[in-house]
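Using the sequences and the accompanying hints, generate a full structural model.
Letter 1 of the sequence shown, counting from 1, is numbered 1 in the working numbering, and no numbers are missing.
No lab work stands behind these hints, which were simulated from the structure alone.
This one's a predicted model, so the numbers in the text were calculated from it and none came from an experiment.
Treat each hint with caution, since some may be false.
Said to hold, decoys possible - Between beta-carbon pairs, the in silico distance windows are:
1) ARG31 x PRO52: 20 to 30 Å
2) PRO77 x PRO15: 39 to 49 Å
3) GLY7 x ILE64: 17 to 27 Å
4) ILE24 x LEU61: 17 to 27 Å
5) GLY12 x CYS47: 10 to 20 Å
6) ASN26 x ASP82: 31 to 41 Å
7) SER57 x GLY27: 19 to 29 Å
8) LYS75 x THR23: 36 to 46 Å
Stated by the list, open to error - Calculated pairs, DSS-like style, for lysine-lysine (alpha carbon to alpha carbon, straight line, at most 25 Å):
9) LYS76 x LYS89
10) LYS71 x LYS38
11) LYS38 x LYS69
12) LYS76 x LYS38
Glycine included, C-beta positions come from ideal geometry on N, C-alpha and C.
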Amino acid sequence: MTELTTGKPPYGTVPHNDDLTLTICNGLRPRVAKGTPKRYIDLVNQCLDADPQERPSSIELYRIFENWKLKLEDKKPSKIFDEFSEADKLS
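Take a look at the structure:
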(Lines of atoms letter the chains of each structure in order from A; the text may use other names.)
(Lines give C-alpha, C1' and ligand atoms only; values in the text may rest on other atoms or scores of the structure.)
Protein backbone atom coordinates (compact mmCIF):
# COMPACT_ATOMS: atom_id res chain seq x y z
CA MET A 1 0.00 0.00 0.00
CA THR A 2 2.86 2.39 0.65
CA GLU A 3 4.10 1.80 -2.89
CA LEU A 4 0.85 3.32 -4.14
CA THR A 5 1.69 6.59 -2.39
CA THR A 6 5.39 6.76 -3.23
CA GLY A 7 5.61 4.95 -6.56
CA LYS A 8 8.55 3.01 -5.13
CA PRO A 9 8.78 -0.41 -3.50
CA PRO A 10 9.19 -0.28 0.27
CA TYR A 11 12.81 -0.71 1.34
CA GLY A 12 13.83 -0.57 -2.32
CA THR A 13 17.25 0.89 -1.53
CA VAL A 14 18.02 -1.54 1.30
CA PRO A 15 19.49 -5.01 0.77
CA HIS A 16 16.79 -7.64 1.24
CA ASN A 17 18.50 -9.88 3.73
CA ASP A 18 18.16 -11.25 7.25
CA ASP A 19 19.02 -7.86 8.76
CA LEU A 20 16.10 -6.22 6.98
CA THR A 21 13.81 -9.06 8.05
CA LEU A 22 14.77 -8.63 11.70
CA THR A 23 14.47 -4.86 11.50
CA ILE A 24 10.95 -5.18 10.08
CA CYS A 25 10.07 -7.69 12.81
CA ASN A 26 11.31 -5.13 15.33
CA GLY A 27 8.97 -2.45 14.02
CA LEU A 28 10.45 -0.84 10.91
CA ARG A 29 7.64 0.33 8.67
CA PRO A 30 7.78 1.84 5.18
CA ARG A 31 7.11 5.52 4.71
CA VAL A 32 4.19 6.99 2.87
CA ALA A 33 4.40 10.03 0.61
CA LYS A 34 3.94 13.52 1.99
CA GLY A 35 0.31 14.59 1.66
CA THR A 36 -1.13 11.08 1.92
CA PRO A 37 -4.59 11.28 3.50
CA LYS A 38 -4.59 10.38 7.19
CA ARG A 39 -7.33 7.78 6.71
CA TYR A 40 -5.08 6.00 4.16
CA ILE A 41 -2.09 6.15 6.52
CA ASP A 42 -4.25 4.75 9.32
CA LEU A 43 -5.31 1.88 7.08
CA VAL A 44 -1.69 1.18 6.08
CA ASN A 45 -0.77 1.05 9.76
CA GLN A 46 -3.64 -1.33 10.49
CA CYS A 47 -2.46 -3.62 7.68
CA LEU A 48 1.07 -3.58 9.10
CA ASP A 49 0.02 -4.34 12.68
CA ALA A 50 2.44 -6.76 14.35
CA ASP A 51 -0.54 -8.82 15.51
CA PRO A 52 -2.15 -10.51 12.49
CA GLN A 53 -5.45 -10.69 14.37
CA GLU A 54 -5.56 -6.88 14.44
CA ARG A 55 -5.11 -6.52 10.69
CA PRO A 56 -8.19 -5.99 8.51
CA SER A 57 -9.39 -8.99 6.55
CA SER A 58 -9.56 -8.93 2.77
CA ILE A 59 -13.33 -8.51 3.05
CA GLU A 60 -12.90 -5.53 5.37
CA LEU A 61 -10.37 -3.98 2.97
CA TYR A 62 -12.72 -4.52 0.06
CA ARG A 63 -15.52 -2.74 1.93
CA ILE A 64 -13.29 0.17 2.90
CA PHE A 65 -11.96 0.64 -0.63
CA GLU A 66 -15.41 0.24 -2.14
CA ASN A 67 -16.76 2.91 0.22
CA TRP A 68 -13.92 5.27 -0.70
CA LYS A 69 -14.39 4.57 -4.41
CA LEU A 70 -18.11 5.34 -4.27
CA LYS A 71 -17.51 8.60 -2.42
CA LEU A 72 -14.77 9.63 -4.84
CA GLU A 73 -16.86 8.79 -7.91
CA ASP A 74 -19.80 10.72 -6.49
CA LYS A 75 -17.70 13.92 -6.59
CA LYS A 76 -20.01 15.52 -4.06
CA PRO A 77 -18.25 17.45 -1.34
CA SER A 78 -17.10 15.05 1.34
CA LYS A 79 -14.10 14.78 3.60
CA ILE A 80 -12.84 11.71 1.73
CA PHE A 81 -13.17 13.44 -1.65
CA ASP A 82 -11.36 16.53 -0.36
CA GLU A 83 -8.51 14.52 1.22
CA PHE A 84 -7.82 12.41 -1.85
CA SER A 85 -8.23 15.33 -4.25
CA GLU A 86 -5.69 17.31 -2.25
CA ALA A 87 -3.28 14.36 -2.29
CA ASP A 88 -3.66 14.09 -6.09
CA LYS A 89 -2.48 17.69 -6.43
CA LEU A 90 0.79 16.79 -4.71
CA SER A 91 1.67 13.96 -7.07
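A quick look at each hint next to the structure:
no.: 1; hint: ARG31 x PRO52: 20 to 30 Å; in the structure: 22 Å, holds
no.: 2; hint: PRO77 x PRO15: 39 to 49 Å; in the structure: 46 Å, holds
no.: 3; hint: GLY7 x ILE64: 17 to 27 Å; in the structure: 22 Å, holds
no.: 4; hint: ILE24 x LEU61: 17 to 27 Å; in the structure: 21 Å, holds
no.: 5; hint: GLY12 x CYS47: 10 to 20 Å; in the structure: 19 Å, holds
no.: 6; hint: ASN26 x ASP82: 31 to 41 Å; in the structure: 36 Å, holds
no.: 7; hint: SER57 x GLY27: 19 to 29 Å; in the structure: 23 Å, holds
no.: 8; hint: LYS75 x THR23: 36 to 46 Å; in the structure: 42 Å, holds
no.: 9; hint: LYS76 x LYS89; in the structure: 18 Å, holds
no.: 10; hint: LYS71 x LYS38; in the structure: 16 Å, holds
no.: 11; hint: LYS38 x LYS69; in the structure: 16 Å, holds
no.: 12; hint: LYS76 x LYS38; in the structure: 20 Å, holds
In this structure, none of the earlier numbered hints is contradicted; all agree with it.
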